[in-house]
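The listed protein sequences correspond, in order, to chains A and B. Taking my numbering, the leading residue of the first sequence gets 1, the next gets one more, and so forth. Taking my numbering, the leading residue of the second sequence gets 1001, the next gets one more, and so forth.
For the record, the hints were derived by calculation from the structure and aren't laboratory data. The reader is advised that the hints may include incorrect statements.
Now the in silico label distances, taken between C-beta atoms and shown as ranges [to be verified]: (1) Asn1024/B - Gly306/A: 42 to 52 Å; (2) Asn1263/B - Gly72/A: 27 to 37 Å; (3) Asn1161/B - Ser140/A: 24 to 34 Å; (4) Gly1291/B - Arg376/A: 16 to 26 Å; (5) Asn1263/B - Arg376/A: 32 to 42 Å; (6) Ala143/A - Asn1263/B: 45 to 55 Å; (7) Glu116/A - Glu1054/B: 54 to 64 Å.
C-beta atoms are modelled at their ideal positions from N, C-alpha and C, and glycine is treated no differently.
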Amino acid sequence: MSIPFNFRLTDFPVEAETLRLEVREFLSSALVDVPKETRAETWYGADEGFSRKVGERGWIGLSWPTEYGGSGRSAMERYVVLEEMLTAGAPVGAHWIADRQSGPLIIRYGTPEQQEKILPGILRGETYFCIGMSEPDSGSDLAALRTKAEKKGDKYIVNGTKLWTSGAQRCQYMIALFRTSKEEDRHGGFSQFIVDLSLPGVTIRPIIDLAGRHHFNEVVFEDVEVPETMLVGKEGDGWNQVTAELALERSGPERYLSSYALLQELVKEFSERNDYEGVTEIGRQMAHLTTLRQMSVSVAGMLNDGENPALEASVVKDLGAVFEQDLPNIAHRLMDLEPDNQGNDFQKYLAILTQISPSFSLRGGTREILRGIIARGLGLR
Amino acid sequence: MTDETSQLLSDTAEKLFSDHVTKNCIIEAEKGKWPDELWSEVIANGLNLILVPEELGGVGGNWMNAGILFKASGRYQAPIPLAENIVASYVLSLAGISQPADSILTILNGAFVAEKDLLSGSSPRTPFASHSTHGVVLYKDGSDLKVGLIEIDKNNLKDNNNIALENRGYIELDKASLIESSKVSCDSSLIKKLGALMRSNQMAGALESILTQSVRYANERIQFGRPIGKFQAIQQDLAVLSTHVAASSVAADFACSSMDKGNPDFAIAVAKSRIDDAISVGAGIAHQVHGAIGFTYEHGLHFATRRLWAWRAEYGSGSEWSKVLGEKAISNGADKFWPSITQGDLDI
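Can you make the complete structure from the sequences, with help from the hints?
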């Protein structure tokens, strides 16, 4: 066998580095009032006012083509905006999904009417999307999903339940994967829809997570009438469309920067101590972080060049989650301070990240699924 | 140098090593036999001179090109000092010194000083010293930093091996004479950094080798009526190994590319630190997948794993380089932590 990955190094173009300084400048004032707890959550933290400000700067849809209202800049420039936002702890959660995948999906597969109706609001930082994939009996096994969309005249009648829907409570739309027919092929008969969450028959119920936050939701559809004009792409092509979408979802800087705040806080804490183990551990984590970043940037470069780095993206996400999940444990071991929502900055970050870290290897494809994909790439299945 | 050159180098090295680095070749080398034929081929192809400028009779390649050769030599566990000769000839070229004809170079790594052109100091683990004709040394002469060339004198050399049975001689010089020397303006810890860079790349190559061997074995070895690679437990482990292999290769490339950009300190430390961690996880998985057969001398897996265990400790362990990174990060302060990563530079 030969090694099935190819992570060639990618450099940021000069204009991306110029943009980096603009973003830093913007964030230095825009984040003054954002509390530490929100910063610790990075892309789980949502602030609609902040999203509108980002939209005003033209930093949502940055790499979308100009004919769709985007800035037509490179994926590398977009990457810079994202990594600067995440490491600064900017509350990007409201617009994150729409910018990352729903908008690009609508550009790629959507009708002109859908594009005209929806894209401008996303670009302004006012229209938000959630992803309707998982269901009560369909987690890692996405193809087991049961929510049905049955064609009746010029409408689809939707019945079923989506689960673990992040941020649905503040979104106007969901990109949902529904079953539109029963096929022999396990991956056949799925279709993607844009669902207006204000339609009659849609109920959004909060699911409170272990840290007491309202992030997840259960979204129930009871005879919801979705106009046929809201079908995205071709009926029955949903599985392939979703798979392409996942490559966008799996390799970005959000896949290794979730615990970044804690690492930076450790640097601060150890500035006042002379501790061999702590210093060495910080250096070690710096080496891991730098390498992950080079890998993730490499994937961004491949996406920019129109390649399909699905396997490389899975590698980045798997390694990234291990890194993010190690940090709270390392911080605990080095610092001997209690995680405390009322404590100092370090303790607050530790409290949040210790509790939410189990989700890092669940969301966007579990560790086991990713490793299965990698094993297939290695020729083992 | 273009991508075409890289491809050509890669093809040449692959062909040369797959033809000549047989299992028997490595076994004989472990008994102390110099692989003459293999070395002659390397020299005939000029691979040792990849970094020497064309005007000095070399190939005029860059560090990304050299990285291809470092990795290939690690991938095949070639029992020759190709990496060392690439680095040594590069250091000589910095001083404008030409390499003596038919010489085999080693690099002295230790504190050396000269007085009236007589060199003193010791290099405790000198790679392939007993097979080398000449040594390249970076030393202090008063306030000057110089590169010198010495002849390897068996009287000053005590033989030793690392655990991969690669020769590592103890060289002690007391007012030894230099064949040639010249002032250079470079980092006084250049040898250690270049050593860490070449070993990082070789380790990335050897890690690729243990991955391909493990996948092959898992697809061939049958237990419970099917190849063990069909079991999810094995698949998940090999997937983990492969993520570390991928990370190591990227870290090694990043170090070479930073070297080409003239700003390598950060990236070299990152590579040596990151790859050390990859070995802790990866070598364990490779052996676990191979079971008892991989633990025998008969099976070749250990040619790679013993090199990995030896090399990770050479030219500074992962911890040592992590400490370099950590100390700088802390003295720069938390606000500069992220900018130092985006700039790939600790001195900001």
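Outcome of the hint check:
1. Asn1024/B - Gly306/A: 42 to 52 Å: At roughly 47 Å between Cβ atoms, Gly306/A and Asn1024/B fall inside 42 to 52 Å, so the hint holds.
2. Asn1263/B - Gly72/A: 27 to 37 Å: Because 32 Å falls inside the window, the suggested range holds.
3. Asn1161/B - Ser140/A: 24 to 34 Å: Violated: the Cβ-Cβ distance is about 49 Å, outside 24 to 34 Å.
4. Gly1291/B - Arg376/A: 16 to 26 Å: For Gly1291/B and Arg376/A the Cβ distance comes to about 23 Å; the hint holds.
5. Asn1263/B - Arg376/A: 32 to 42 Å: With Cβ atoms ~39 Å apart, the hint holds.
6. Ala143/A - Asn1263/B: 45 to 55 Å: Cβ of Ala143/A to Cβ of Asn1263/B: about 48 Å, so the range 45 to 55 Å holds.
7. Glu116/A - Glu1054/B: 54 to 64 Å: 60 Å, holds
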